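> Following the hints, position chains B, C and D against chain A.
4 protein chains.
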Amino acid sequence: MLIVMHQQASSEQVDAVLRQIRDFGLEPHPIPGKTRTAIGITGNVSAIDPTHFEGLEGVKECIRVTKPYKLASREMKVDDTYVDVADATIGKNAFTVIAGPCSVENETMILRTAEFLRGLGVRLLRGGAYKPRTSPYAFQGLGADGLELLAKARERTGIGIVTEIMDASQLAEIAPIADMLQIGARNMQNFTLLKAVSRSDRPVLLKRGISATLEEWLMAAEYILSGGNARVAMCERGVRTFADHSRNTLDLSVIPPLQALSHLPIVVDPSHGTGHRAYVGAMAKAALAAGAHGLMIEVHPDPARALSDGAQSLDFGEFQKLWGELRTLADALGRPIA
Amino acid sequence: MLIVMHQQASSEQVDAVLRQIRDFGLEPHPIPGKTRTAIGITGNVSAIDPTHFEGLEGVKECIRVTKPYKLASREMKVDDTYVDVADATIGKNAFTVIAGPCSVENETMILRTAEFLRGLGVRLLRGGAYKPRTSPYAFQGLGADGLELLAKARERTGIGIVTEIMDASQLAEIAPIADMLQIGARNMQNFTLLKAVSRSDRPVLLKRGISATLEEWLMAAEYILSGGNARVAMCERGVRTFADHSRNTLDLSVIPPLQALSHLPIVVDPSHGTGHRAYVGAMAKAALAAGAHGLMIEVHPDPARALSDGAQSLDFGEFQKLWGELRTLADALGRPIA
Amino acid sequence: MLIVMHQQASSEQVDAVLRQIRDFGLEPHPIPGKTRTAIGITGNVSAIDPTHFEGLEGVKECIRVTKPYKLASREMKVDDTYVDVADATIGKNAFTVIAGPCSVENETMILRTAEFLRGLGVRLLRGGAYKPRTSPYAFQGLGADGLELLAKARERTGIGIVTEIMDASQLAEIAPIADMLQIGARNMQNFTLLKAVSRSDRPVLLKRGISATLEEWLMAAEYILSGGNARVAMCERGVRTFADHSRNTLDLSVIPPLQALSHLPIVVDPSHGTGHRAYVGAMAKAALAAGAHGLMIEVHPDPARALSDGAQSLDFGEFQKLWGELRTLADALGRPIA
Amino acid sequence: MLIVMHQQASSEQVDAVLRQIRDFGLEPHPIPGKTRTAIGITGNVSAIDPTHFEGLEGVKECIRVTKPYKLASREMKVDDTYVDVADATIGKNAFTVIAGPCSVENETMILRTAEFLRGLGVRLLRGGAYKPRTSPYAFQGLGADGLELLAKARERTGIGIVTEIMDASQLAEIAPIADMLQIGARNMQNFTLLKAVSRSDRPVLLKRGISATLEEWLMAAEYILSGGNARVAMCERGVRTFADHSRNTLDLSVIPPLQALSHLPIVVDPSHGTGHRAYVGAMAKAALAAGAHGLMIEVHPDPARALSDGAQSLDFGEFQKLWGELRTLADALGRPIA
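Chains as they are written, first to last, in the working numbering: chain A, 27 to 364; chain B, 27 to 364; chain C, 27 to 364; chain D, 27 to 364.
For reference, chain A alone in the conformation it holds in the complex (with noise of 0.2 Å):
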């Protein structure tokens, strides 16, 4: 951590600010400047919150130099994590498609999705029991009988399940269900849920908040990693700017910062991050060019009809033209779809 001291501040200043750095069990290393002084400190700084300081008189500003992360850093573990989920590898030298709707919508939706998409060679399915809605009007999702659903798409194809956790209560209901357990943008920071989670054996998929840094966002993953839960997955999902030719902004820049600092795997999901099916195909190929390990992408059978998020998912036969130039991408690329 580094303190600046006002140009006008005065020596008894500096010395009281010394006196708290040490009050605190740290080192102070002052820097004396020409116009100012700047106050370095080192020891376990993690704890401490830097606008303590701030408080003081005669402090400018301070300025926190260590992340606040641990666990999540690459500085921590060097080596990279895979997250297993079913029978694919989230982060290993291959590129994961998690798919599917939305939402769960019936029987007859879930199955064919299920079995068209298993077809194809897709590992993860993805499909919401309980939603998280803007409007308390709007479809809510199935719930337990959605769950159920779900049970029974993974029974018929033995595609593994990637499913939302909306609150830490549902955790029982669900965890037996999926074989991943999804964290939504608006849950990014719903600590409670995260706490919950962190003492589930479920691998989890952490989506980025609308507006999360990418520190608060390794933040939240460590909340899950310090609890004891070491399977996290990171998705970007689009953030929320200025920009209105998408529904959300993807941000493929956070990939590589990511990866040069934490060792967790990211996936992207370019169905929320454009909110138009059009856009889908050319932004899942830029992920997989920028070193994603892996997409989840919404696809139904019908998507005019789809009860939820139809403008942004794919019908099958789109889907399949993108699961081919994904595959011939990938190959090009050296990171074969797995």
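Keep in mind that the hints were calculated from the coordinates and are not lab data.
Just so it is clear, the structure is predicted and the values come from calculations on it, not from any experiment.
Warning: the hint list may mix true and false statements.
If several chains are the same, the list does not tell them apart, and a pair holds so long as it fits within one copy or across any two.
To be verified - Straight-line Cα separation of at most 27 Å, DSS-like style, residue types lysine-lysine; simulated pairs:
1) K118 x K347
2) K103 x K86
3) K221 x K93
4) K96 x K118
5) K86 x K347
6) K93 x K103
Below, chains B, C and D alone, put in the same frame as chain A:
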């Protein structure tokens, strides 16, 4: 709702859209233009997801005209809503100040603060027992012990209690102590929590999510209202933008449109909005002048030693000075602090 | 400046950085920590681009401590700057209102407006002769004819003229008519234009770019100050965010930090900031209460027929009402409208 | 255009709006709904500012349906535009790489770079002679001397020159040297400059403003097209958001909608987009996979000693490696680098 067709859309495509509109039980009104056709839709449009139509061939765009919230809207209820909390009323022709520490740290500090504030005439005390923190390693609040101390502060001074609920499972524990339940920015779209408080008899202070649009914020209020709890006050606490001169960008400009679109009262939190003690006073006065119904301000007996939010907390002297300035201003504006 | 080395950085890499720092004529101060080394740098750091160091091996991050602006900073000039414009002074313990139409449309409207405003006591008239318009097909202003009408308005009423300069080549034509040159948001980083007005003897109203940080905005002022023109007033007019409840997000929260960091006065434009006539008054009063030194407000004799910005312009009755409210508020705050 | 009336709007207010629409020579189409009236407008709406109607009594909102750009739109010109620059063609079924240093620093470095790039097969050299810099104290480019060196590089190697024009007054000086004029992000709405290059016979590379919507960006192109210069290529270079993991947020998601709405080709600049050398390669490949027509990449013989943008410049070895990867990927995608 208005559907805009592509210039190249065929008359067959237009007909297919008209059919689908009628299938939903709605009435289409085609508007043939020089270069393209638009189709107005009337009927009970609110349950329809506009993206349904965007999936159809020949459709360029689908524009929602009617707002999706109802109970929260000024069109549904013309008169201002007043929310009674302990002996205060938020939203009347008065100005309500909620003040207190970020979190309850120990008995001495919370009692001293309650006594100091009550002595000035403040009617509502804020103080967190359960704290949402970005880092799993940061102080997470005193929990049940903190609630007990808040109850003691009320008993001792008569001040009303505003405290945060982080998860639906905490309702039974918190409701007896809280005169008002606070929902934090990170939980604005924790729909399980919104539904839980909608069935409570406690008034709710609903903070705006860090990147929530006004519509999304009102939709979150709609969850509470539609569940049966009409006592909701909104709280602007800063949004996330590119700007780095303060912790968040306090969006006072949301006050007039919120008041135009909704009957719910609005409170402003300049402490989180700015993140810097030195800027709190200016923004507090600006909020009052802009027409807010109240303020939520962090006050601590010794901010330099606060366990959280020290840099943005006022000490007693600073608060007392601001309280005087607010009274003068409120009198000049004809909305006395009550 | 502070350089943070990677945890894995070798001592050779640290030495290479120390050498390069000395090569620039600066002094390095290594701070060896438990897990990594940081290096403070003192000396004349302002000319050094921090990215230089980020290119070196073993360097993780380079943090600038000193602000890059000098003449605009409070540290260089402690006392507030007052900018005299015609018979007004922006920045003294008073409150200055600049009012008038978006653009000069014809002789009648500009003279009527000038007379109305001067009659109330307004000292400065805004009005565009050259208009930056997003569309090449929109009204681009009357140009030279517009300037002539502004001169006539001044001659007739004695009111001072504030008008926009869009390009360095217009300086010779505009300077004789303008008591104050306005630089629009889109031109905040038109460096050729900034250099041109820096050599003029006219005061400058520098609007904040639509996504400019406070630092970039002050750096734009620094261009003008460093070229020899010390008469700069800053103008906040709303920034671009995700929020869609108003045309821009008026950032009143920039006022206190700007005043802390700089001695330059600040004016607020609630007309562009909100884009809606109905919201202008509330934001105008909030700006005054937040400590702004003045306002720039769009007023038009017949907004419904304005050639530009009609929706955000007040008519005479609305302005007169607001003028009265501002006077009351300004008196209560001890900063009379002058 | 669609006008939405308030629920409480009287029939007199509706009639007044209908009259005003007819006064503008347009045709109104009232759509009476259950709770409110909407009015579709047909005719030549493009010249009308929607805010006109928002000023009228009883009007709630005015929604523009038709896009305001014409010449830049895909509806006006269905076929893709190709822009010939020196011996390259931007936009054909090929992939064009523009590479070179941020600024021309001296003869040796620019000639070495040109020779290196031309040797690999690169057809276009970037290099700034006039540099827009945030700080007045930073290196501002070599100016006329820089242009001369660029001319020498072209003469020596045959490589085409892309260089920035900062002000309309520089056109006569720069056009003879530049095979393509670059307009920087800060000047995207410098309308005097846009009009100047619209009358030039040089192709233009138009960078997206740091917070420009797709519509504003295309409107800036419309200025150039409507002035008579049809040879415009768009350049995405990152936008400003809350995210702090990279210098800007490179918005690859703008590629598909830009290509859907416009016939103009699009180039991506991953150097400014990321600001970090280590992230350039991943984003370059992603841009290619997303369908961009080309790249602009900063390359410098010795980035650690570059006078500007060192941290985001590739050295020769890094560029050569990326060039190879791009060729493999481009071949797999069937769009060879040309």
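> Checked against the structure, which of the hints given earlier come out wrong?
Hint check: nothing fails, all pass.
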